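Visitor: Chain residues, written in single-letter form:
There are 2 protein chains.
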Amino acid sequence: MSLPTHVRLVEVGPRDGLQNEAQPISVADKVRLVDRLTEAGLGYIEVGSFVSPKWVPQMAGSAEVFAGIQRKTGVTYAALAPNLRGFEDAVAAGVKEVAVFAAASEAFSQRNINCSIRESLERFTPIMEAARQHGVTVRGYVSCVLGCPYEGTVAAEQVAVVARELNAMGCYEVSLGDTIGTGTPGATRRMFEVVSASVPREKLAGHFHDTYGQAMANVYASLLEGIQVFDSSIAGLGGCPYAKGASGNVATEDVLYMLDGLGISTGVDLDRLLLAGQEICGVLGRATGSRVARARQAG
Amino acid sequence: MSLPTHVRLVEVGPRDGLQNEAQPISVADKVRLVDRLTEAGLGYIEVGSFVSPKWVPQMAGSAEVFAGIQRKTGVTYAALAPNLRGFEDAVAAGVKEVAVFAAASEAFSQRNINCSIRESLERFTPIMEAARQHGVTVRGYVSCVLGCPYEGTVAAEQVAVVARELNAMGCYEVSLGDTIGTGTPGATRRMFEVVSASVPREKLAGHFHDTYGQAMANVYASLLEGIQVFDSSIAGLGGCPYAKGASGNVATEDVLYMLDGLGISTGVDLDRLLLAGQEICGVLGRATGSRVARARQAG
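Just so you know, the protein sequences line up as chains E and C, in that order.
Position 105 of the first sequence, counting from 1, maps to 98 under the numbering used here, and the rest follow consecutively.
Position 24 of the second sequence, counting from 1, maps to 17 under the numbering used here, and the rest follow consecutively.
Bound conformation, chain E alone (with noise of 0.2 Å):
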């Protein structure tokens, strides 16, 4: 198989970066960061979440961060919405694209979420039911796709029985994540070899954690699977505080290198991208998680 042509780079850096980060920022600097994201030409920007903010005081504000982002046409900017409450919440901040969240592990989805896999889809069913009243698309993502800090190996066929549900729900795209990092190129490999079974390859996507430096690995592994939507994060923000020695979502500056590299076009540019990345990590006083980032800080 060739690589693809195309890739749609899934910035979620606002959402499941911040969301990970130990202090909460301002509505003013999540509208800047959104912002700055537009500007470096993304395509999709998961801008923040409707949840109680007690449960992920990082979120708080999300109504107002999508009140004073800059909407730029053909832009997709989506929301984070775990039950009905919070798709309401988000529709009535003018949410068009909102993302529903499942894991492929038992374990995980009973610690992380405090219910079974089955009754974790079954919620979604009324957001399914309220999305297409409302004309909202939804995508799904399916955690622990290589691997469970509780269960350890996690089979490819379980993967793709959520995925495929997760599909027959109406999810127009499923993003498969490895959310403790342990993943390598062949078991990548196999896993969309497996799901694309259930769910076609265009519908699919690729999450990566970087916890044991095998993010980028996987990502051109999973091109060579055909797959074109890859989700990553400005300067390598977040991670997973459940996941044990979870540690930072691949940094977008660093896919977008390797694609620039491999000639699949992205829309995005990489100087406004890092100069995205430069000031979120002012704000945060932390250092980049983006070896490109870094490289470029030095020269």
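Hints listed in this document are in silico derivations from the structure and should not be mistaken for laboratory results.
Because the structure is a prediction, the values reported are computed rather than measured.
Cβ atoms here follow ideal geometry from the backbone N, Cα and C, with glycine treated the same way.
Okay, the calculated beta carbon distance ranges per label pair: (1) Gly61/C - Ser258/E: 54 to 60 Å; (2) Ser258/C - Gly36/E: 40 to 46 Å; (3) Ala100/E - Ser19/C: 44 to 50 Å; (4) Arg183/E - Leu77/C: 48 to 54 Å; (5) Arg64/C - Ala190/E: 51 to 57 Å; (6) Glu115/E - Pro193/C: 56 to 62 Å; (7) Glu150/C - Asn107/E: 58 to 64 Å; (8) Ala190/E - Ala15/C: 48 to 54 Å; (9) Glu150/E - Glu186/C: 33 to 39 Å; (10) Gly278/C - Arg265/E: 36 to 42 Å; (11) Pro193/E - Thr66/C: 50 to 56 Å.
Coverage of chain C stretches by chain E, computed from C-beta distances (three or more under 8 Å per stretch; other residues unrestricted): (12) 178 to 191; (13) 195 to 207; (14) 248 to 255; (15) 278 to 286.
Non-contacting residues of chain C with respect to chain E, defined by C-beta distances greater than 10 Å in every case (computed): (16) Glu81; (17) Ser113; (18) Glu115; (19) Arg125; (20) Arg157.
Keeping the supplied structure of chain E fixed, place chain C upon it in accordance with the hints.
Guide: The following block gives chain C in isolation, referenced to the frame of chain E:
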């Protein structure tokens, strides 16, 4: 092309790694590092360099290190020998394998080795002759194979010329180094494709730097090209002080984690390797450059 079933890891930490760390460490600490690496099951360890301590103070005492290490049968303990004087010192220290170093870029050769590529190759002639007389094997390095800090792009054909010369002179293996880490997987594959028309793949090795986060993807790309030998550095020690923005060899732990995941045998034990990395980082008082090591520490 299917993946190789076995890979040989060439551990360059004690030489390439420590040489590029800011502070020199004691002979005793170097001996301990090499012994730990031997215990981890590595079959090839680059122990030191026979070069004037005026130029590379970190490599002072290489003869003492060779005298102090516990040699294990079947393991290659190598030294860098940039000239005949260095070669003779190496032989006097009981070294049975040396490495020589050329560049694929004319500008890099001039600035780093102070001579043209042609002159650098000519300097190796007396070393190769002396090596044959002493029954010493010689490994060749080519730097800047995927980019040069001064010239930018480096043609794969130019890499092939230098690799062929080294092979013709008697280097049993030629290691191709992405010194500044700007290479991406497609360029890596094309480079090996072109060079392997001049030197058989089984005589080539890959040497990747993670400066731009591409090293692991490049290792995977090389495996797909049938490359079976990789240089890496324990804890990601070192880099290249002469190359703008260059940092960190790819970490042996991270490469091994990927190879283990791919079911490719190496004979190296990850837990023992992690121990070696932890110890040397303690001596240097620096954080590990291995993400596997970091994840295991956090876990």
